[in-house]
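Engineer: Numbering-wise, this note's numbering puts 233 at position 233 of the sequence shown, and it's gapless, one number per residue.
There could be a bad hint or two in this list.
[As the list claims (entries may be wrong)] Okay, derived cross-link-like pairs now, DSS-like style, lysine-lysine, Cα gap no bigger than 30 Å in a straight line:
1. K37 x K66
2. K305 x K56
3. K305 x K286
4. K305 x K79
5. K72 x K56
6. K305 x K66
7. K154 x K286
8. K37 x K286
9. K66 x K79
10. K56 x K37
11. K66 x K56
12. K286 x K79
13. K286 x K54
14. K54 x K37
15. K305 x K54
16. K286 x K66
17. K54 x K72
18. K66 x K54
19. K66 x K154
20. K56 x K286
Calculated from the structure, these hints are not laboratory results.
This one's a predicted model, so the numbers in the text were calculated from it and none came from an experiment.
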Amino acid sequence: MVAGGALPACVLAFLLPFCPESPRQLVYRERPDEAAKVIRRVFPHATPEQVDDKIKHITICVENAKNLNSGKSMWWLLKQLYFVPANLRALIPACGVMAISQLCGFNSLMYYSPLVFSLVGFSNPVAVGTVIAGTNFIFTICNLLLVDRVGRRKVLLCTVQFMGLALIAAAVCFRWIPINHDLTLAEASGVGWPAILVLVSMVIFVAFYSSGIGNTAWLGSEFFPMQVRSMGTTMLTMTCWGSNIVVASTFLTQMENTTPSGAFGFYAGICLAGWICIYFCFPEVKGMTLENIEEVFRDGFGVRKAEALQRDMRTKTRV
1 MVAGGALPAC VLAFLLPFCP ESPRQLVYRE RPDEAAKVIR RVFPHATPEQ
51 VDDKIKHITI CVENAKNLNS GKSMWWLLKQ LYFVPANLRA LIPACGVMAI
101 SQLCGFNSLM YYSPLVFSLV GFSNPVAVGT VIAGTNFIFT ICNLLLVDRV
151 GRRKVLLCTV QFMGLALIAA AVCFRWIPIN HDLTLAEASG VGWPAILVLV
201 SMVIFVAFYS SGIGNTAWLG SEFFPMQVRS MGTTMLTMTC WGSNIVVAST
251 FLTQMENTTP SGAFGFYAGI CLAGWICIYF CFPEVKGMTL ENIEEVFRDG
301 FGVRKAEALQ RDMRTKTRV
């Protein structure tokens, strides 16, 4: 079983040579001809003049980033990330959405799903947990199909609210299941309608999580300008695992002290608070260049500015 975990890594290692480098990375390594090939693959209808203009524009931006980062220490990068207002405004929604993706309790459900489903009376909780894992896999594919078509912001606003509603439904259903303080069933009554509804609520929660914030949270790295992208991505990853540790280490204690209804109600509150933060602080950057994204955060979180830029991009595309 442990060796089976190596299979996805082997597939990724096999396919990685076929994945092209980004044009900026190629220009950064002084390989503009290869960068031009990548741009032609991404924009097959672009004229040679448009490709050349794109390479020149990327070269100027890369040179500016090189000059800014030349000889700079990690401490300087941290100060640039936290004390430059535009960079900090990019960091807040990126790390905020990542924190919500962990604090909503998804990974606790994945870690402890056999316990949760045995708690509500299922005789084979491992098999039920497999249904949850399968839902996660299927709806992750849905996210891949939607996120670049619909946009990150719309996907998040649509899915996070339903995650909260599914958790509220689970919390209400837990009130009808007699559970002792030590997380055992008070009476062996079999699988009743509350247990079925808990399972349905969890499937719905996982479906919306996987098709939304579970994968979209990792796209927050595109908010960061090139000169602080490595440090910003580091902070994003630290936020992920830090939040994960907090939730995983407190899940059972919270279930015991606040009852399962209280725990799932708390996670629902995180989702609904997260939806409000996304609405006000998370701009849509689908299809934007790094320079446009940097402009979005120049004077605020840029939700309205990003919408204006998206309208301009659609107008130019139609023309």
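Engineer: With reference to the structure, classify each hint as holding or not holding.
Structural biologist: Comparing the hints with the structure gives:
1. With a C-alpha separation of about 23 Å, the suggested pairing of K37 with K66 holds against the 30 Å cut-off.
2. Only pairs whose Cα atoms come within 30 Å are accepted, and K305 paired with K56 is accepted, the gap being roughly 26 Å.
3. Restraint check for K305 and K286: satisfied, since their Cα atoms lie roughly 13 Å apart, inside the 30 Å limit.
4. A C-alpha spacing of about 26 Å is found between K305 and K79, which places the hinted pair at or below 30 Å, so the restraint holds.
5. Between the alpha carbons of K72 and K56 the distance comes to roughly 25 Å, so the proposed pair stays at or under 30 Å and holds.
6. For the hint pairing K305 with K66, the CA-to-CA distance comes to about 28 Å; that is within 30 Å, so the pair holds.
7. Annotation: proposed proximity of K154 to K286 holds, straight-line Cα distance about 11 Å (limit 30 Å).
8. Proximity of K37 to K286 is assessed by CA-CA distance (about 22 Å); at most 30 Å being required, the pair is judged to hold.
9. A hinted pair counts as satisfied when its Cα atoms are at most 30 Å apart, and K66 with K79 qualifies at roughly 17 Å.
10. With a CA separation close to 14 Å, the supplied pair K56 and K37 stays within the 30 Å bound.
11. Taking the CA atoms of K66 and K56, the gap is near 15 Å; set against the 30 Å cutoff, the hint holds.
12. Using a Cα cut-off of 30 Å, the hinted pair K286 and K79 holds, with the two alpha carbons roughly 28 Å apart.
13. Between K286 and K54 the CA atoms are separated by roughly 18 Å; this keeps the pair inside 30 Å, and the hint holds.
14. Annotation: proposed proximity of K54 to K37 holds, straight-line Cα distance about 12 Å (limit 30 Å).
15. This hinted pair checks out: K305 and K54 have alpha carbons roughly 23 Å apart, not beyond 30 Å.
16. Of the supplied pair hints, the one linking K286 and K66 holds, its CA atoms being roughly 26 Å apart against a limit of 30 Å.
17. Taking the CA atoms of K54 and K72, the gap is near 28 Å; set against the 30 Å cutoff, the hint holds.
18. Between the alpha carbons of K66 and K54 the distance comes to roughly 18 Å, so the proposed pair stays at or under 30 Å and holds.
19. Distance hint between K66 and K154 is unfulfilled; the C-alpha atoms sit about 34 Å from each other, more than 30 Å.
20. For a cut-off of 30 Å, the pair hint linking K56 to K286 stands: about 22 Å separates their Cα positions.
Of the hints listed earlier, the one the structure fails to meet is number 19.
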